[in-house]
Amino acid sequence: MEVTYQLDFAQELKKCVRCGKCRTSCPVFHELRGESASPRGRLALVKALQTGDLEPSEELADRLYTCLLCKTCAVDCPSGVISDEIFVAAREYLAEALGQPLMQRALLRGFLTRPGLHSSASSLMRLYQKSGAAAVLDKTHLIEHLPEKAEAAARLLPDVAGRPGRKRVREVTPAQGEKKYRVSYFLGCATNLLYPQVAEDTVEVLSRNGCEVVTVDDVKCCGMPHLAYGDVDTARELARENLRALADAGSDYVISDCASCSATLGETYQHLFDPGTPEQARAKELADTVYDVSRFLVEVTGIEPGEHQVEATVTYHDPCHLSRAQKVTEQPREVLRAVPGVEFREMAEADRCCGSAGSFSVMHHDISAKILERKIDNVEATQSEVVATSCPTCTMQLSFGLRERGSKADVVHPVQLLARSYRGK
Amino acid sequence: MAAGTGMVTAAALVTDMLKLLGEERVFHKDVDLKTYTYDSSFVSQINDFTPEVVVMPTSTEEVSRIMRYADEHGVAVTPRGAGSGQTGGSVAVRGGIVMDLSAWNDIVEVDEVNMQVVVRPGVVHADLNNHIASYGLYFPPDPGSSEWATIGGMVANNASGLRAVKYGNTGQYVLGLEVVMPDGQVIRTGGLKSKALKSVSGLNLTGLFLASEGTLGVITEVRLKVWPKPPSRAIVVAYFDRLEDAAQSVLEVFKAGILPSGIEILDDGAIRSVNLFKPQLKLPEVEAAIFFEVNGSKAATADEGRQIEEIAKKRAGSVEMATDPKRMKELWTGRQAIGAASARAKPNAARIFAGEDVCFPMSKVPEALRRIKEIGREHDTMVVIYGHIGDGNMHTAPIIDPLKPEEVEAAQRVAEAIHRLALEIGGATTGEHGVGFVRAAFMEEEHGAALEVMRRIKDCMDPKGIMNPGKIWAGEE
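Heads up: the sequence lines are chains A and B, in that order.
Each residue of the first sequence is one higher than the last, beginning at 1 in this note's numbering.
Each residue of the second sequence is one higher than the last, beginning at 1 in this note's numbering.
Just chain A, same shape as in the assembly (with noise of 0.2 Å):
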């Protein structure tokens, strides 16, 4: 075990002096309480795993498993650890050593770089909540007795309604006014399936600040979903994949209203490739056109005011891949304020993670639903009306954990809002 994933495993890990900051820091750590549950204790596992003093096995796996990947611990780290990507790089090579569960292998492989299955799979959750075999399995406890993971993923999504996102948005949406800018839309597979009102929304809003918009048709996974489970080998021939179909768009930007998917292009697409490769010059050309949509019209188009109020009181949870990951925070916060009608109110500990992080709030569901807890009376302390974010898997997760109180706060990206704004609905 020496390189994997553009990633030295001994120059990384002696860094680390083990000072043990990052137990301060660790949403896990903080509800599980052991050393192994902690960045440092990870990191040491991993190192043991370098050094031959432990073999891979299913409970190794396990404890490097059980992390959200929020680069809490590696933001805040003194001595430079970048121990989510070292966690990330430890998967790949257990991913290979053990061999990924079934379930696993046939999601990531499967469903999600097929976007024919991909469609077919959100039919039969779609038949699911609408046949009510939901309420009846909730009312009769009978969800009780389902797997303990497809209950919680049943718990877990949204009533997902209606046609996808891409079927809602045509290919090319005209600039409203005079055309600034060609942009391509990356539409990401949670936003597609899961909130397709956000592409909707995103789309307007571009177009409205003087955007072409090219929903590029034939984009995959942005592969986030697969480097969190260590399978670098499909993620690496999804970016290969999104590079063409990005580059044929022939666009001047790329946006994306997914924090997860804006990092993995903006970000990680480099970090795939050999360094000197025409892939990773791609990949880096790419980088420099990636813009979070709340970014982009901050940074790039400024935003144009809505004519009509839009009376909220509104706070905003920071995704860990854009806040940390892009360092992009306050720009969300200018959208919501530009908003009329819109009362911002910040919430304590807004950038701690919600707990979701991809398929962790499914496949650990009790640690999630604890993190989650902190989140949401953070968001209660607020008594806001709306929490908005800029990830579709925190909106889920902060959905869920609102509805499980009882309570009526919605979730909305924060482009809806300034889309509600032009609407006047």
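Worth flagging that the hints you see were computed from the coordinates, not collected in a lab.
Keep in mind the model is a prediction, meaning the values are calculated, not measured.
All C-beta atoms in this analysis are idealised placements derived from N, C-alpha and C, irrespective of residue type, glycine included.
Heads up, some of the hints might be wrong.
Okay, the calculated beta carbon distance ranges per label pair [as the list claims (entries may be wrong)]:
id, chain 1, residue 1, chain 2, residue 2, range
1, A, P56, B, E367, 50 to 56 Å
2, A, K327, B, D268, 24 to 30 Å
3, A, D366, B, M328, 36 to 42 Å
4, A, T51, B, E285, 33 to 39 Å
5, A, D288, B, N130, 38 to 44 Å
In silico EDC-like links for lysine to aspartate or glutamate, alpha-carbon gap of 20 Å or less [stated by the list, open to error]:
id, chain 1, residue 1, chain 2, residue 2
6, B, K346, B, E287
7, B, K314, B, D245
8, B, K278, A, D76
9, B, K404, A, E12
10, B, K373, B, D241
11, B, K346, B, D380
12, B, K346, A, E12
13, B, K29, A, E55
14, B, K346, B, E374
15, B, K326, A, E330
16, B, K282, A, D76
17, A, K370, A, D62
18, A, K327, A, D76
19, B, K313, B, E285
20, A, K284, A, E267
21, B, K282, B, E330
22, B, K346, A, D8
23, B, K404, A, D8
24, B, K29, A, E59
25, A, K370, B, E24
26, B, K326, A, E349
27, A, K284, A, E85
28, A, K167, A, E200
29, A, K408, A, E343
30, B, K29, A, D53
31, B, K314, B, D241
32, B, K29, A, E58
33, A, K327, B, E330
34, B, K326, A, D351
35, B, K329, A, D351
36, B, K329, A, D76
37, B, K329, A, E349
38, B, K278, A, D351
39, B, K326, A, E346
40, B, K326, A, D76
Since chain A is already given, all that's left is putting chain B on it; use the hints.
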């Protein structure tokens, strides 16, 4: 001689601990045990100190039951807080049980009128101060590891930190302790019911447990004196082209009758490291910077800050006075982070914790700083210096590539030479981090006949030698 699991097998020990505490608070799988083999000390990174079992008790009764069992079977027990120490003090160098007390983090009582608090050992220093701030109180000792170090660990090491120059060390605030003795007996020091701020009733058992490093018993509760939180604070940072000038300025501030709440030094490597970790700080990259912190009333803070500014200007190239809370927080947290951040002073290197806590007489600080730099040069090893120059307590960080054996050997020679320097010029081998495993070899030379008395006290309180064996007393038990 107590070692490891004593008279029971490892498997039986695990089974018995599971019976005592249950599955959730007992770790016995390899993947969990491997995360209890270290603290920050370099020695724990290059040795295998894997315990047989880790337990996480959260009541005095549980600790007592574990200790009764350990006493009966001769099993070694190593108490542990956050494992942020730098001496190997909380790792089981002889195997056996590691007792992780960090999850036991209740603040039991805040007595606002009597200005004292009662806490369990796992309470984190910063959490305590955040909690009691709403009462207008604070616990002054301020370790660099404030955000994660536990109060139990601070008491067991008599830790201090960035404000010791004015407020002293942890021990000065400990009014009483609940301790589980090695045989499981529970005692209270400082008086069973006492809330008195002073007491000279009987032998000072509280003092005996300060800096005992878990070798005499398990601290399960701490009664601390806390102080009113000063309403105002300012930080004056002076930047010097010569290290010696920095040290002289400190003496001149004292001579002017000013007692700052903190006086911290950063050498050129430390300044560079902090700038790399927190680029927004933009500290001038000179040979040394001194952070003077003053606190008290607004008027006193402003006046003392101005006086320090004037004194420092005589020798410093530039001086900055910060009163903006945001800037002060940035400066202070930047300083607190140097311990680990100092590795950034050199590309592709790491900081190791070895020979890092010497304390010199104030009069000898300028000489000590010069000689530490010389030692580094002699061994071709970069040494970053930072620390509490206000009380002579210097942290000296060898910055090396730990993957290169020749650099590791050189760093170990540097550590040895720095410890010898402290003893030669009338200092101490450790000002606040403790002896643990790494400094036990210097104890004879440092203490002479007094070491024998310490040994007798240890034998009396822990006759079976089960409490944290292998620490403080080299090669014994």
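Status of each hint after checking the structure:
1. Between P56 (chain A) and E367 (chain B), the C-beta spacing of about 54 Å keeps the proposed range 50 to 56 Å intact.
2. In this structure, K327 (chain A) and D268 (chain B) meet the distance hint of 24 to 30 Å, their C-beta atoms being roughly 29 Å apart.
3. For D366 (chain A) and M328 (chain B), the hinted distance range of 36 to 42 Å is satisfied, since their beta carbons lie about 41 Å from each other.
4. At roughly 37 Å, the beta-carbon separation of T51 (chain A) and E285 (chain B) lies within the given 33 to 39 Å, and the hint holds.
5. Range check, D288 (chain A) to N130 (chain B): about 42 Å between beta-carbon atoms, so the 38 to 44 Å window is met.
6. Our distance criterion of 20 Å between C-alpha atoms is met by K346 (chain B) and E287 (chain B), whose separation comes to about 16 Å.
7. A distance of roughly 10 Å separates the Cα atoms of K314 (chain B) and D245 (chain B); the hinted pair therefore holds under the 20 Å criterion.
8. Taking the CA atoms of K278 (chain B) and D76 (chain A), the gap is near 10 Å; set against the 20 Å cutoff, the hint holds.
9. Proximity of K404 (chain B) to E12 (chain A) is assessed by CA-CA distance (about 14 Å); at most 20 Å being required, the pair is judged to hold.
10. With a C-alpha separation of about 15 Å, the suggested pair K373 (chain B) and D241 (chain B) falls inside the 20 Å cut-off, and the hint holds.
11. In summary, the hint linking K346 (chain B) to D380 (chain B) is supported, as the alpha carbons are separated by about 13 Å, within the 20 Å threshold.
12. Taking the CA atoms of K346 (chain B) and E12 (chain A), the gap is about 15 Å. The hint holds against a cut of 20 Å.
13. Note on K29 (chain B) and E55 (chain A): the hinted pairing holds, with a Cα-Cα distance of about 13 Å set against a maximum of 20 Å.
14. With a C-alpha separation of about 18 Å, the suggested pair K346 (chain B) and E374 (chain B) falls inside the 20 Å cut-off, and the hint holds.
15. Annotation: proposed proximity of K326 (chain B) to E330 (chain A) holds, straight-line Cα distance about 18 Å (limit 20 Å).
16. Among the hinted pairs, K282 (chain B) with D76 (chain A) is consistent with the structure: their alpha-carbon atoms are about 18 Å apart, no more than 20 Å.
17. Between K370 (chain A) and D62 (chain A) the alpha-carbon distance is near 18 Å, which keeps this suggested pair within the 20 Å criterion.
18. Distance check on the hinted pair: K327 (chain A) and D76 (chain A) sit about 13 Å apart at the alpha-carbon level, within 20 Å; holds.
19. A threshold of 20 Å between alpha carbons decides the hint, and for K313 (chain B) with E285 (chain B) the separation of about 17 Å falls inside it, so the pair holds.
20. The straight-line distance between the Cα atoms of K284 (chain A) and E267 (chain A) is roughly 9 Å, inside the 20 Å bound, and the hint therefore holds.
21. Using a Cα cut-off of 20 Å, the hinted pair K282 (chain B) and E330 (chain B) holds, with the two alpha carbons roughly 11 Å apart.
22. For the suggested pair K346 (chain B) and D8 (chain A), the alpha carbons sit about 18 Å apart, so the restraint of at most 20 Å is met.
23. Among the hinted pairs, K404 (chain B) with D8 (chain A) is consistent with the structure: their alpha-carbon atoms are about 16 Å apart, no more than 20 Å.
24. Between the alpha carbons of K29 (chain B) and E59 (chain A) the distance comes to roughly 9 Å, so the proposed pair stays at or under 20 Å and holds.
25. Between K370 (chain A) and E24 (chain B) the alpha-carbon distance is near 17 Å, which keeps this suggested pair within the 20 Å criterion.
26. Of the supplied pair hints, the one linking K326 (chain B) and E349 (chain A) holds, its CA atoms being roughly 17 Å apart against a limit of 20 Å.
27. In summary, the hint linking K284 (chain A) to E85 (chain A) is supported, as the alpha carbons are separated by about 18 Å, within the 20 Å threshold.
28. The suggested pairing of K167 (chain A) with E200 (chain A) holds, with an alpha-carbon distance near 10 Å, which does not exceed 20 Å.
29. Note on K408 (chain A) and E343 (chain A): the hinted pairing holds, with a Cα-Cα distance of about 17 Å set against a maximum of 20 Å.
30. Straight-line distance between C-alpha atoms of K29 (chain B) and D53 (chain A) comes to about 14 Å, which keeps the hinted pair within the 20 Å bound.
31. A C-alpha spacing of about 12 Å is found between K314 (chain B) and D241 (chain B), which places the hinted pair at or below 20 Å, so the restraint holds.
32. Proposed proximity of K29 (chain B) and E58 (chain A) is supported: the alpha carbons are some 12 Å apart, at most 20 Å.
33. For the hint pairing K327 (chain A) with E330 (chain B), the CA-to-CA distance comes to about 18 Å; that is within 20 Å, so the pair holds.
34. For a cut-off of 20 Å, the pair hint linking K326 (chain B) to D351 (chain A) stands: about 18 Å separates their Cα positions.
35. Among the hinted pairs, K329 (chain B) with D351 (chain A) is consistent with the structure: their alpha-carbon atoms are about 19 Å apart, no more than 20 Å.
36. Under the criterion of a C-alpha separation no larger than 20 Å, the hint pairing K329 (chain B) with D76 (chain A) is consistent with the structure, at around 15 Å.
37. Between K329 (chain B) and E349 (chain A), the direct Cα distance comes to roughly 17 Å. Compliance with the 20 Å bound is thereby established for this hinted pair.
38. Taken as a hint, the K278 (chain B) and D351 (chain A) pair is honoured in the structure, with Cα atoms around 19 Å apart against an allowance of 20 Å.
39. For the given pair, K326 (chain B) sits about 18 Å from E346 (chain A) by alpha-carbon distance, which is consistent with the 20 Å threshold.
40. Proposed proximity of K326 (chain B) and D76 (chain A) is supported: the alpha carbons are some 17 Å apart, at most 20 Å.
Taken one by one, the earlier hints all hold for this structure without exception.
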